[in-house]
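As you go down the protein sequences, you meet chains A and S in turn. Note that the UniProt record's numbering has the first sequence beginning at 1, numbered continuously upward. Note that the UniProt record's numbering has the second sequence beginning at 1, numbered continuously upward.
Heads up, a few of these hints could be off.
Said to hold, decoys possible - Stretch by stretch, here's where chain S covers chain A in the computed footprint (C-beta under 8 Å, at least three residues):
id, stretch
1, 66-73
2, 103-115
3, 173-180
4, 190-201
5, 214-222
6, 422-434
Said to hold, decoys possible - If we take Cβ atoms under 10 Å as the criterion, some of the chain A residues that face chain S in the derived model are:
id, residue
7, 60
8, 145
9, 250
10, 399
11, 400
12, 410
13, 449
14, 476
15, 480
Unchecked claim - Just so you have them, the derived chain A footprint on chain S, three or more residues with Cβ under 8 Å:
id, stretch
16, 13-19
17, 46-56
18, 100-109
19, 175-183
20, 189-203
21, 245-252
None of these hints come from the bench; they were simulated from the model. Ideal placement from N, C-alpha and C gives every residue a C-beta, glycine not left out.
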Amino acid sequence: MNNPLLASANAGLAGKSSPFKYTGLALVLGVLGVGVWHSAHADQPVNGGTLIYATDREPSCLDPHVDGDMPQVFIAQQFLDSLVSMDEKGHIGPWLAKSWQVSPDGKTWTFHLRNDVTFTNGEKFTSQAVKANLDHMRNPATQSSTAGGYIQQYLSTDTPDDYTAVVHLSSPYAAFLEVLAQGFLGIEAPSALKRSRDENCQSPVGSGPFKVVSWDHQNQVVLARNPNYNWAPPYAHHQGPARLEKVIWRFIPEPSVRFAALRSGKVDVIEALPPESEASARKNHDLSVVIKDRPGNPTNGELNTRRAPFNDVRVREAFVRSADIDGALASIYFNTLKRASGPLSSVTPFYSAASAHTDDYDPVRAAKLLDEAGWRQASAGAVRQRNGQSLTVHIPIRATTSNAERTLWEQVQATAGQVGFDVQLEPMGDTEASERQGNWNYDVTLDYWNTNTADVLRIVFGSAFLGAAGSGGYHQNGSGFNNPQFDHLVAAALETQDPSQRADLYAQAQKIVADNYLQLRTYPQSTRLGVYKRAHDVWLEPSLSVTTLYDAWVSP
Amino acid sequence: MSSLIESTSPGVRRARQLGQRLALRGVGGVLVLLASASVTFFALHLTPGDPVRAILGGPSANPTPETIAAAIKEFGLDKPLIEQYGIWLLRLLHGDFGRSFSQHQPVVEVIRQQLVPTLQLTAAALFAAWLLALISVLGTARRNRWLSGLGSLLETLSAALPQFWLALVLLAVFSFGLQWFPPEGNDGLLSLVLPALALAIPLAGFLAQVMREAFELALDQPFILSARARGLSEWQVRLGHGLRHAVLPGVSLSAWAVGSLVGNSVLVELIFSRQGLGRQLYQAVSLQDMPLTIGITLFITLVYILTSLLVDFLYTLVDPRLSEVHG
Chain A
1 MNNPLLASAN AGLAGKSSPF KYTGLALVLG VLGVGVWHSA HADQPVNGGT LIYATDREPS
61 CLDPHVDGDM PQVFIAQQFL DSLVSMDEKG HIGPWLAKSW QVSPDGKTWT FHLRNDVTFT
121 NGEKFTSQAV KANLDHMRNP ATQSSTAGGY IQQYLSTDTP DDYTAVVHLS SPYAAFLEVL
181 AQGFLGIEAP SALKRSRDEN CQSPVGSGPF KVVSWDHQNQ VVLARNPNYN WAPPYAHHQG
241 PARLEKVIWR FIPEPSVRFA ALRSGKVDVI EALPPESEAS ARKNHDLSVV IKDRPGNPTN
301 GELNTRRAPF NDVRVREAFV RSADIDGALA SIYFNTLKRA SGPLSSVTPF YSAASAHTDD
361 YDPVRAAKLL DEAGWRQASA GAVRQRNGQS LTVHIPIRAT TSNAERTLWE QVQATAGQVG
421 FDVQLEPMGD TEASERQGNW NYDVTLDYWN TNTADVLRIV FGSAFLGAAG SGGYHQNGSG
481 FNNPQFDHLV AAALETQDPS QRADLYAQAQ KIVADNYLQL RTYPQSTRLG VYKRAHDVWL
541 EPSLSVTTLY DAWVSP
Chain S
1 MSSLIESTSP GVRRARQLGQ RLALRGVGGV LVLLASASVT FFALHLTPGD PVRAILGGPS
61 ANPTPETIAA AIKEFGLDKP LIEQYGIWLL RLLHGDFGRS FSQHQPVVEV IRQQLVPTLQ
121 LTAAALFAAW LLALISVLGT ARRNRWLSGL GSLLETLSAA LPQFWLALVL LAVFSFGLQW
181 FPPEGNDGLL SLVLPALALA IPLAGFLAQV MREAFELALD QPFILSARAR GLSEWQVRLG
241 HGLRHAVLPG VSLSAWAVGS LVGNSVLVEL IFSRQGLGRQ LYQAVSLQDM PLTIGITLFI
301 TLVYILTSLL VDFLYTLVDP RLSEVHG
């Protein structure tokens, strides 16, 4: 899941070479999917020690099943394991489940589980735990908006024996394993889940490499090594217990303060490295940078097709092509970010590059399209009119939108204005922006969606997500797109396990989205870490580009 | 009232007077608390948006309709507003502040966790403000024209500084630049220095301005002349005879100061990433977390009420004449 509350500026691509030479210290392999970094001076890993990690937002609850926002999955990844794992190529591998089969109708999944796993409270991991966890995510009382939302097809789990779990779904769901690999669906100890939701929020229990020791609200969470850990996922760099004895997970919301704490070595790793500090971090010999794109729907503005002017595809294309995103990114982010093109970020499984340039900046074409659609411009630079109506675009801007992203939209305002759009950026509180979103009272709404499956297309553009009855206006499909052919394609992609068929169906679906100009994509979501020289082997796991400290160690 | 008091002995009279004043203050305090809580309650409900949407992850979350319905029911938001108000008032009267929607904890627990850092900050700021103000007034008032003018100027300048701006400047100079103090956190005295100064310097300006006026007025009085005539040194005159007069208006301003410090801690706690009630209040308001917002508001109101009571008491200690005059 994703939330614009999360510093939405945290996007970027590493690997752009910095003009400053920094010899022999850190090598960044952050380009598109390789989130590993090795220090050239790294000695042998050392056991023991404490790593201090500082992030921007504090989770509301440490159990990632509840709510389900990015800060929760980042910390949960350290103390929860998942049923299956996902590697850099998007392949699903074992983890707590050794193997699995799916029935021919795609509705029954049988998981064969490891028999040597214990939770940090001493409880054995069995098929009962699988049942308890899936039931927990799906239970409305859990208030799960991410994990529960991803397994809406879930019906029940049978436990024929301790190490076999048979999961029944209401409809075929080929993305099931992909979402199971996300930390949001991490497996917790059943006896801990039996406590009240709010109690479990404070101290969830998993089987991961660390366990939660204490949570000092608005300050830090302390994690301690799980000495019995011996079931790391296949992509991990070592086996056995974690190297760090202790992790202090701190919350420092102010970006410049967070960066200052890193620069002074007071913290070892910061998350959400501010884009404006990236150049300075790359220059600094004490620091290295780990940046990796997140899979899913990139940062974008969704165009509301349910009202004028964006109910006309020509006007939508004109708006998308009138916005000089490349120019804006170059001036605001100093070329550290590359424009996201296409409804899926390029690291998402089944990403198709076919429509990559259909949304390039082209003001001449934009003007032509607007003329065709009847929006006339009296003089150069004037706001276009049609039947006495101005071509006005209302964009609610949340209070939590980062300064860099605001500036980006101001550039959109300026370049679209040259073609004759009157772009109104309307700053407001988060709850008011949510209200406007719920009531379809916007022309563009800023959004993004982090997930490791192309099934995100169905959530963001599918007609089933236009707002279900009783949902009080909640809708995930922010463009209001309603296209039976598209719905059919993304539904068919869930019914087959065949990768080539899925790739073909998702390519067609991506083309439909591109042809309809439903979003103005800006930059990919990404995880951005700054690492002090004392810390080593800090890397980002593949499913959601989430920090993993299992292999990390600190110089004594 | 005065005719009744005159007919009894001074001791009984004072006790009765004190009792009446306390009772009056108590009733007033309860009314103020009730009003502040009710205003917060309705203000939050008038703000567009709903907490369920904010808490279930904003517009991009994917909650099922059943999950949304369960949350609405759990928070009691399915009832008419006036009924919600009634239920909430009844609970409050029983001392039940409810559970925070967003923090997954009882409100009292959240306040307990965040209380100490904010009180530390407030106390440190108040102490520093008094110290700076006294140094400025005692050191420069009625010295020579230069020194006196400089003191006055500095006080006016400090009083005019916005706290958030000062916080950013202090952070940039003494933390990012000189690296004398940590930029964030709440471990140890060092991390308290910059945030406390950010709050204290403007307050010290205010305090010093009112204290200077009273102090200079006192220095013109005949008793100062007689003290000087007795051969006391300048500092003996200032500390022994003038100080008490300067302190009085400062004490009365401090009640307001404590309240404003707690209020201003919102920004300072955010800028320095410090734990505390201010930062928590900011989050609670932005998520429309009604129980938590009201809980913290009530707490801050209570601090206001208690400090103004305390100040009344201190006032009578510093200037016993007042217990006769007030009433």
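Taking the hints in turn, this is what the structure says about them:
Closer than 8 Å: that is the beta-carbon criterion, and the stretch 66-73 of chain A has 4 residues meeting it against chain S, so the requirement of 3 holds. Counting residues of the stretch 103-115 of chain A whose CB falls under 8 Å from any CB of chain S gives 0; the rule of at least 3 is not met. Counting residues of the stretch 173-180 of chain A whose C-beta sits closer than 8 Å to any C-beta of chain S gives 0, which falls short of three, so the coverage hint is violated. Coverage of the stretch 190-201 of chain A by chain S holds in this model, with 3 residues showing a Cβ closer than 8 Å to a Cβ of that chain against a need of three.
With a cut-off of 8 Å between beta carbons, the stretch 214-222 of chain A has 4 residues touching chain S; three or more are needed, and the interface restraint holds. Coverage of a stretch by a chain is defined here by at least three residues with a beta carbon nearer than 8 Å to that chain's beta carbons; for the stretch 422-434 of chain A and chain S the count is 6, and the condition holds. The interface hint given for residue 60 of chain A is met, as the beta carbon of that residue sits about 5 Å from the closest beta carbon of chain S, less than 10 Å. Among the interface hints, the one on residue 145 of chain A holds; its C-beta lies about 4 Å from the nearest C-beta in chain S, closer than the 10 Å criterion.
The interface hint given for residue 250 of chain A holds, since its Cβ lies 8 Å from the closest Cβ of chain S, which is under the 10 Å cut-off. A cut of 10 Å between beta carbons decides the hint on residue 399 of chain A: the least distance to chain S is about 7 Å, and the hint holds. At a threshold of 10 Å, the smallest CB-CB gap from residue 400 of chain A to chain S is about 8 Å, leaving the interface hint in force. Interface hint status for residue 410 of chain A: violated, as the beta-carbon distance to the closest one in chain S is roughly 22 Å, over 10 Å.
Interface restraint check: residue 449 of chain A against chain S, minimum CB-CB distance 6 Å, threshold 10 Å, status holds. Taking 10 Å as the C-beta contact cut-off toward chain S, the hint placing residue 476 of chain A at the interface holds, the least distance being around 6 Å. Because the beta carbon of residue 480 of chain A sits about 13 Å from the nearest beta carbon in chain S, more than 10 Å, this interface hint is broken. For the stretch 13-19 of chain S, the proposed coverage by chain A is not satisfied: 0 residues have a C-beta within less than 8 Å of a C-beta in that chain, short of the threshold of three.
With 10 residues carrying a beta carbon less than 8 Å from a beta carbon of chain A, the stretch 46-56 of chain S meets the three-residue requirement, and the given coverage holds. A stretch counts as covered by a chain when three or more of its residues have a beta carbon under 8 Å from one of that chain; for the stretch 100-109 of chain S and chain A the count is 4, and the coverage holds. Chain A is given as covering the stretch 175-183 of chain S, and this holds because 5 residues of the stretch bring a CB closer than 8 Å to a CB of that chain, at least three being needed. As drawn, the stretch 189-203 of chain S meets chain A at 0 residues by the rule of a beta-carbon pair under 8 Å; below three, the given contact is violated.
Under a criterion of three residues with beta carbons nearer than 8 Å to beta carbons of chain A, the stated coverage of the stretch 245-252 of chain S fails, only 0 such residues being counted.
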